[in-house]
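There are 2 protein chains.
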Amino acid sequence: MRLIGILRSPYVRRTAVSLNVMGIPFELDAVPVFDKPERVTPHNPLTRVPALVLDDGEALIDSSVILDYLDEIAGPEKRLVSERGAERRHVLKLTTVALGAVDKAVWSAYEYRFRPAEIVHKPWVRHNDAQVVAGFTYLDAIAAKLGENEWMAGTQRMSQADITTAVGFTFAQIVRPNLGLAEKAPNVARFAARCEALGPFKAAAIPS
Amino acid sequence: MRLIGILRSPYVRRTAVSLNVMGIPFELDAVPVFDKPERVTPHNPLTRVPALVLDDGEALIDSSVILDYLDEIAGPEKRLVSERGAERRHVLKLTTVALGAVDKAVWSAYEYRFRPAEIVHKPWVRHNDAQVVAGFTYLDAIAAKLGENEWMAGTQRMSQADITTAVGFTFAQIVRPNLGLAEKAPNVARFAARCEALGPFKAAAIPS
Chain A
156 MRLIGILRSP YVRRTAVSLN VMGIPFELDA VPVFDKPERV TPHNPLTRVP ALVLDDGEAL
216 IDSSVILDYL DEIAGPEKRL VSERGAERRH VLKLTTVALG AVDKAVWSAY EYRFRPAEIV
276 HKPWVRHNDA QVVAGFTYLD AIAAKLGENE WMAGTQRMSQ ADITTAVGFT FAQIVRPNLG
336 LAEKAPNVAR FAARCEALGP FKAAAIPS
Chain B
156 MRLIGILRSP YVRRTAVSLN VMGIPFELDA VPVFDKPERV TPHNPLTRVP ALVLDDGEAL
216 IDSSVILDYL DEIAGPEKRL VSERGAERRH VLKLTTVALG AVDKAVWSAY EYRFRPAEIV
276 HKPWVRHNDA QVVAGFTYLD AIAAKLGENE WMAGTQRMSQ ADITTAVGFT FAQIVRPNLG
336 LAEKAPNVAR FAARCEALGP FKAAAIPS
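As you go down the protein sequences, you meet chains A and B in turn. Read in order, the letters of the first sequence are residues 156 to 363 in our numbering. Read in order, the letters of the second sequence are residues 156 to 363 in our numbering.
Here chain A stands alone, though its shape is the one from the complex (with noise of 0.2 angstroms):
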């Protein structure tokens, strides 16, 4: 399968991770969708990344949507949301936080990426910015109480929620680096830390 779209990009870089925790081989084609939509919209009609291209063509788009299909490929012992009950809502809900402020991170960068610089607007940035905070520091409370070995939604080994959020913090501090999370979200810095020190991060680590 060939995942479409750069490792810059929060939504391609969890599902990256997340094939790479599950150990599923994929190649990366790294495509910057804003300098070459025309590499994308094929496969996606909203030329939005990621794509997964599996090998009979079909592509599966949105990262949510792509993290669904490996979950159920994975199989009970690699899936990284549980399939049902309390735990699927526990591991989904904290990576719809995490997702969450990832996707106002994007609104705030894209004020000043996407326009002349004499009129972004900055209460609207900070209306995002305020979000993107308010979810780290939801995550953090939970990060302030976790063991070495524990993970966010005390699953027993690693899920999803743990690989949103610390894809996401990575990537918020990128793009917001005016915000201090790493003090204002101390805990989820030292855990995405030790999320980034892993194999499957560093596989799939953003270029510099």
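If you're looking for bench data, these hints aren't it; they were derived computationally from the structure. Some hints here could point you the wrong way.
For identical chains, the list gives no copy identity; a pair is met inside one copy or between any two copies.
To be verified - Think about it this way: if two alpha-carbon atoms lie no more than 30 angstroms apart in a straight line, the pair counts; the simulated BS3-like pairs of lysine-lysine are: (1) 233 to 277; (2) 300 to 277; (3) 248 to 233; (4) 233 to 339; (5) 300 to 248; (6) 191 to 339; (7) 233 to 191; (8) 191 to 248.
Fit chain B to the given chain A structure using the hints.
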């Protein structure tokens, strides 16, 4: 259970329609999140809607995660996304395209809603609008082949792909009236009208 958010939000509305289709009773708590964020934050640290508060007080957040839970409790006869396999992938793919088009309609609409008129950045609006049109154009080719009683993803009964397509199209027409979506995606327009005439949609109509 209590669904927090207003039906003008396509994320809230697709959840409400889904609850109606599945026959799950709920109370709608029509909180306008931008006016009364303090009513949402206790249930969702990101202050986004919908939130679904269960009878024991647990709050689920993000429409896709809420719908995943509702599918689990609805059981195999009533769930709106099949539990696994090719049909699940297909339903989620169409749902994702519709939801992505909705996301981009929101981005364009927010460009006008949350900043002074003189700093609206038209190129960004055009970028997002193009994705709205692309999403519904893709869905239109599928809708063009549907018989009177057929569903978007070829399922035996209505699926989440149908609900999100119809709710998304209705919403996009309201917030992006100048896009001419009814002309660009006439088959989706016809399909959405067919859905909107059904009880579960009418029971979650957007207040005028």
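*Which holds for residue 300 with residue 277 at a C-alpha limit of 30 angstroms: within a copy, between copies, both or neither?*
Neither: 35 angstroms inside a chain and 47 angstroms across chains, both beyond 30 angstroms.
*Between residue 248 and residue 233, at a C-alpha cutoff of 30 angstroms, which is it: within one copy, between copies, both, or neither?*
both (20 angstroms within a copy, 23 angstroms between copies)
*Given a CA cutoff of 30 angstroms, do residue 191 and residue 339 count as a within-copy pair, a between-copy pair, both, or neither?*
Classified as between: cross-chain Cα gap 25 angstroms, same-chain 36 angstroms, threshold 30 angstroms.
*When no copy is named, should residue 233 and residue 277 be tagged within, between, both, or neither for a Cα gap of at most 30 angstroms?*
neither (44 angstroms within a copy, 46 angstroms between copies)
*Given a CA cutoff of 30 angstroms, do residue 233 and residue 191 count as a within-copy pair, a between-copy pair, both, or neither?*
Neither: 34 angstroms inside a copy, 42 angstroms across copies.
_Identical-chain pair category, residue 300 with residue 248, by Cα at 30 angstroms_ = within (17 angstroms within a copy, 38 angstroms between copies)
*Within, between, both or neither: residue 191, residue 248 at alpha-carbon 30 angstroms*: Classified as between: cross-chain Cα gap 22 angstroms, same-chain 34 angstroms, threshold 30 angstroms.
*asked:* Regarding residue 233 and residue 339, is the shortest C-alpha distance of 30 angstroms or less found within a copy, between copies, in both, or in neither?
replied: Classified as neither: same-chain Cα gap 33 angstroms, cross-chain 44 angstroms, threshold 30 angstroms.
In this structure, the earlier hints numbered 1, 2, 4, 7 are contradicted, and the remaining ones agree with it.
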